[in-house]
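Kindly generate the complete structure, drawing on both the sequences and the hints.
If you want the building blocks of each chain, they are given just below.
There are 4 protein chains.
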Amino acid sequence: MIIVMRQGASKEELTEVKKRIKELGYKPHVIHGETRNVIGAVGDERGKSILQSLESMPGVENVVPILKPYKLASKEVKPEQTVIEIVPGLSIGSDALVVMAGPCSVESEDQIIETALAVKSAGATVLRGGAFKPRTSPYSFQGMEEEGLKLLAQAREASGLPIVTEVVNPRDVELVARYADIMQVGARNVQNFALLKMLGQLGKPVLLKRGMATTIQEFLMSAEYVLSEGNRRVILCERGIRTFETATRNTLDISAIPVLREQTHLPIIIDPSHATGHASLVPSMCFASVAAGCDGLMVEVHPHPETAASDGPQSLRPEEFASMMSKLREFAAVAGRTL
Amino acid sequence: MIIVMRQGASKEELTEVKKRIKELGYKPHVIHGETRNVIGAVGDERGKSILQSLESMPGVENVVPILKPYKLASKEVKPEQTVIEIVPGLSIGSDALVVMAGPCSVESEDQIIETALAVKSAGATVLRGGAFKPRTSPYSFQGMEEEGLKLLAQAREASGLPIVTEVVNPRDVELVARYADIMQVGARNVQNFALLKMLGQLGKPVLLKRGMATTIQEFLMSAEYVLSEGNRRVILCERGIRTFETATRNTLDISAIPVLREQTHLPIIIDPSHATGHASLVPSMCFASVAAGCDGLMVEVHPHPETAASDGPQSLRPEEFASMMSKLREFAAVAGRTL
Amino acid sequence: MIIVMRQGASKEELTEVKKRIKELGYKPHVIHGETRNVIGAVGDERGKSILQSLESMPGVENVVPILKPYKLASKEVKPEQTVIEIVPGLSIGSDALVVMAGPCSVESEDQIIETALAVKSAGATVLRGGAFKPRTSPYSFQGMEEEGLKLLAQAREASGLPIVTEVVNPRDVELVARYADIMQVGARNVQNFALLKMLGQLGKPVLLKRGMATTIQEFLMSAEYVLSEGNRRVILCERGIRTFETATRNTLDISAIPVLREQTHLPIIIDPSHATGHASLVPSMCFASVAAGCDGLMVEVHPHPETAASDGPQSLRPEEFASMMSKLREFAAVAGRTL
Amino acid sequence: MIIVMRQGASKEELTEVKKRIKELGYKPHVIHGETRNVIGAVGDERGKSILQSLESMPGVENVVPILKPYKLASKEVKPEQTVIEIVPGLSIGSDALVVMAGPCSVESEDQIIETALAVKSAGATVLRGGAFKPRTSPYSFQGMEEEGLKLLAQAREASGLPIVTEVVNPRDVELVARYADIMQVGARNVQNFALLKMLGQLGKPVLLKRGMATTIQEFLMSAEYVLSEGNRRVILCERGIRTFETATRNTLDISAIPVLREQTHLPIIIDPSHATGHASLVPSMCFASVAAGCDGLMVEVHPHPETAASDGPQSLRPEEFASMMSKLREFAAVAGRTL
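Chains as they are written, first to last, in the numbering used here: chain A, 169 to 507; chain B, 169 to 507; chain C, 169 to 507; chain D, 169 to 507.
Everything hinted at is true.
Here's a subset of chain D near chain B, in silico, CB distances under 7 Å, partners left out:
1) 170
2) 175
3) 201
4) 210
5) 412
Hints in this document: simulated from the structure, not taken from any laboratory. Backbone N, C-alpha and C fix where the C-beta goes; we use that ideal spot for every residue, glycine too.
Here it is, written out as C-alpha cells:
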C-alpha cells in the first residue's frame, strides 16, 4: 500500500500517519519527493480495507494499493494451471477443449433430449440447460424448476453428457446439487456472497460467470469466496460486459482470456451467446475465443429458436452448431487443443 | 412491439411472421415502407420475451419493444405519488425530506449509539447501519450479523430513530425483519430475484438500491418483483453507476431523479456516499440531489472515519454532517421541502 | 512514479531498473516488501511517458503514476480561483453566475434575434448559437457557417449579449474569432490538439467541453494544452459522459463539479441540455448544478423546438426557460451566488 | 421512423403530429394500440434530424428510428465486399491478410529502418509509424513531424513496404499525403469532420480508427463522411473502446468484426496494441481477430520498447513479432486467408 501525502502536509501529519500504519501492523517507509512525500506500508495488505481508511487522516491525499487482493485464485500462490475433473473421463483446464451446449431454458422432455443428442453428436461434452431462470421481468417465464432438473437428468441418461445448470437461491443449492454435475452461478449473482459461500462448501465444480460490471479483479475476488471455503474447483466464464455499445447485447471481452491467464491458474471459458445476443455472431466469437486460448465454450443451442421461451435470438440451430463445431476443430488444432 | 423486416424479405416470410404474431395472441399491422416493411404487433407486450424470439424467423431484421415492461411501478397505472409510512409519524414521498444517516457498518455499542444521537440531533430521521456486509473480499470484515442487529435496536431505543439495514441472504429475511424498520437491498443484489420475491411477501418497506450496471428500466423491473408479490412499499435509491471515470468511486446519476419521476410513483432517494467514495464530495451532492427533487438521502456518518472497519474515506464526521444538514435545510426550503 | 517489481524478480533486474531510473534523471528509492519490492522514482514525473516505458523491462510488473500530470491547470500551482473577464462588465468564476442560453443552431435572423431578446429578458448574460455544427451524419444540417456568425453578431447588437459559438476547424479559428466573444470547443474536439494549440495563442476566452469518454484528468490535460500556449482564460464545461444508460442522451456527471473544484482553479459550467437530451429534464439539472457549486450554465432555448434544425427535443421554449430562471434565482441565493 | 404517442394523447394531438409528418414529406400511418397509438412515418428517414424534433410536440412520447442512417457504407447499397488497392500488388479486403507493423512514433533513422526491415522479414506488408502524435499531455513528445515523414519515406525505400501514418490537422493533409500511402485518422479524430471531409477529397486510402466511445453506427457515419465526398477507399480499424475495466488500456471489441461484416462492405482491421496496452496480450488478440474474420492487423513493434518515446509497454520486440506472425499464419490458413 502506498500512502500519498498532500503537497504541504505538515511534519506532524506525516508522523501521525506513520504511527497509525505501525498500529495496524505494517512498517512505514517514507520516500521524500520533490513536491510531496509518499509512504510505503510494508506488510501483507490483502485484508486491506482498514488501510484504506488512512485516506481520512489529515494530510493524506490518497491510498494506492499495490498487491492484488486475492490469494488462492492467484498464480503467485499456485503457478501451475488447475485441471478440474467434471466427471470421470472429462476434465477442464487441460488440452482438451470442453464445449457446453444446450438451450437457455429447459422447456420440455422432447426439447431437451432432442438438443442433448444433437449437441453430443456435434461434439459437445457437457449439456447446458436452465431450470431456475433469473429473468429481468417478474412476468417472464421463470424456468421449470425441479421439473426442469428432472428433465435434465433424463437428458443426461439419454445422451451420456454431464449437465451444468444454474442455481440462483442459496436455499436451492442442495436441490440443484442432487441433479447437476456443474453448479452455475449467473452473471447477476457474481457478488451474491451468501450463494458463493455455500457453493464453497460443496463437492461439485462451480462455473462462475463474470458480472456485467465486474472488473477482472472483482471477478477473481468472487472466485476467492468459493476457494476460501474449501472448494477448489472453480471454472471462470466471461460472458460479455456492459458498455455503451448497443449493436451487441453486451461486449464480449476476449482479452480477459490472456489477462486471466496471467493472473490465475483457474480454467477459463467463454459464453458468446449471452455476450453477443445474436446467433449470427456466435460462430466467429467461438473461433476467436479458442484462438485466444480459452479452455472451453458455453453455447446456446435450441431446436426451434423462433419459439424459444427465452433467448431465442441468440440460439444456434443444431445444424448451425454442428457446422460451427466442425470449423472450430481446425482452429482448436492450431491452438494446440483437442476437441 | 415493432417487427422490422429485412430489405428484400419475401412475401412468404412476411406472411409467416404475421401468422406467428397471431398465434401468440397479438394483432399484426403491416406498414409498407420504401425500403422495407415493418409490422406493429398490437397487444399488451409486457410478457414480451416470446415476441423477442420472432427475431429468429427468416426475413426479420430486428424486434423493437415500444411499451415499458413494468406495470405496477409505472405512473400510467398509478399516476399519484406514493407516500410510504416508515413508522407512525414518519413517511417518505411527501414534502418532508427523509435523511437516513449512520455508519457503513455497526462496529460497537459505543460507535452506533454515539452516531445515532449525533445524526438525530443534526436532523436525520432514520438511522442506517450495516450488520450483514456484502464485501468484495472474503478476507474483509463481513459485519457483526445478529449481534449488529441487536446493537441497532439498542440505538433505536436510545435515539428514537427507526432503522434501515441490509439483508443479503433470503435465509436471513425473517431475522433482519425482526429488527429493521426498512429492509435494504444492496446494489449487488438488485437482481437477486429470490431475495426480492421474499421481500415482496413482507409487511415492511423495502429500500432498493440501483445496481452499478442497472439501467433505469431494469431498476424498475426489480421494483416490480417486490410490488407484484404484494408489497407496495418500495423506496428507490440511486447510488452511482459504474463508468470509465475513476476520480469518483462511481458516477452519481442525479438525472435519474427526474427520469424516475416521469416514469414511476415510487419515492426516490440518493446515496452520495457510495456514489462518490470521498467524504469531501458528499455535501455538494446532497445539495444537488435535493435541488433536483429527491425525496430523501442516505448518508454515511462515522465518529472516527480513519478507524472505520469499512468505507472510512466516504464517511462524514458528525460535525461535518451537522454542518451539511444546516445548509441543506435552506436548499430544501427552496425545493418546497421540509427537513 | 512507483515501479512495482514482480514477485521473484532478480537482484540484477532490480539493479537494471534503478540504473535506468537514474539515467532518466530521477532518484530511485527501493522499498523492500514482503512479497515484492517497489521503487519510488523521485523527481518531477509530469513529462512521464518515458518512465511508463520501464514497464517493458524484465522484472517489472507495472508502473503507477503518483503526481497529477497537469501543472498550469492545477490548484497546486495556482490556489486562488480564476475569474475570467468575458467582456467588460461580465466575468465568470466570481459570485455572479453566468447563464449562456440560445438555440443549438443559428437558423435565421428572426430565430436568433427573437431568442436573444427572450433569454436576455429572462436573465441570461451570454447568447449561445452554433454556426459550424459538427454533426454525426454528413446528411444532416451542418450550420450556416459565416452567415450564421453574422446573424449572431446582429443578435449581439440587438440584445447587448456577448456570444459564444463553436469552432471545429483550426482553419476557421480566425474567422470565428472575428465574431465570437467566447470560442467554444465541442465535446468531439476535446482532444483535437491542433485546434487547442491555436486557441491557446488567441486573446479570447475558450469554453472547453468535456468529451463523452474523457476522464477528468484528461479533461484538465486538454485545458493544459490551451494554458501552456499562453491563453489562461479557459472555462471548463461538463456536458454528460457516455454510459450504458439510454434513458438520457448521456449521463450528466454533476460530481465533476466538486472534483474539479478540488483539482483546478478554472471556472466550471454545466450543459444539461446535451447531457440529458430531453427538455423536461433540464430545469432540475440546472438547479442541481447550481446547488453543487458550478459557476455557470449553458442551456439550449429555441422558440419552436418542434421545428428546430437540430436538438429540438432538448431545447426549452422561452417561457419554460424564464420559469426555470426564476426558480434558479432562489437556489443561487442559497448557494451564495447572484443571478 | 416510429412516433410513439403518449397514453391518453388527444385526437387533436394525433392529428397535429400526422399533419407535421406530411409537411416534412413523409406518409403517416397510424397503428391503434391497446394503451397507446404509434405512427409509422414512411419515407427515407436518413436525413432524420428533423423528424427527431417531433419529440417536442404535445402528446408525443418518443421517436424511434428504424433505418440505419448511413447509405454508402452499407451493404444494402453495395452488397459485395470492397477490395482496396493500397499500392500496385497490395490490396486489402481480399483473401490476403494485410499486417501493418512498426513503432508508435518515428524516433530516428536507425530505429525506423531497423524496424521496417525486421517487420518485413517477419511478413508484414505495410510499415506503420507516427510523425504527428496526438498526445494527452502537451508536455509529452509530439512526434518528429515532417522530419519523421521523411524518415518513413527512407524506410519505405529501404524495405519496399508502403507506409501508413497519422494526420491530425486538416492543414497537414497535403503534407502527409506527399509521403503516406495510407492516411490514418486516429481514434481521437474519428468525429473531426473537417478532417474527414478533406480526406474524402483525396486520392489515397484512409484508415479510420474507431473512437473510444464511438458506437458502431457512429463509426460508419464517420466513414460516410469520407465516402460521401467521393473517396471510396476507407479501411475501418477497431482499436478498443473505453469501459470500466482497467486491466487493459481499453476493451478490444472483437465482436465488432462480425457486426461490421453484416452492415458494411468496407475492409476491417484490428489494432490490438492500443486496445490492450500490454505487449504480452497482443499475440493472442491477433490470433483471435484473424479467427473472427478481420481483413488485417495493425501491430506496434519497437526494437527497444523500454526506451520508446511513446507506448513502449504495448510494443512487441521484433523477435516477438516474428514468433507471433509464424503462429498467425496457421490461424490464417484455417480462416481461409493467406499471409
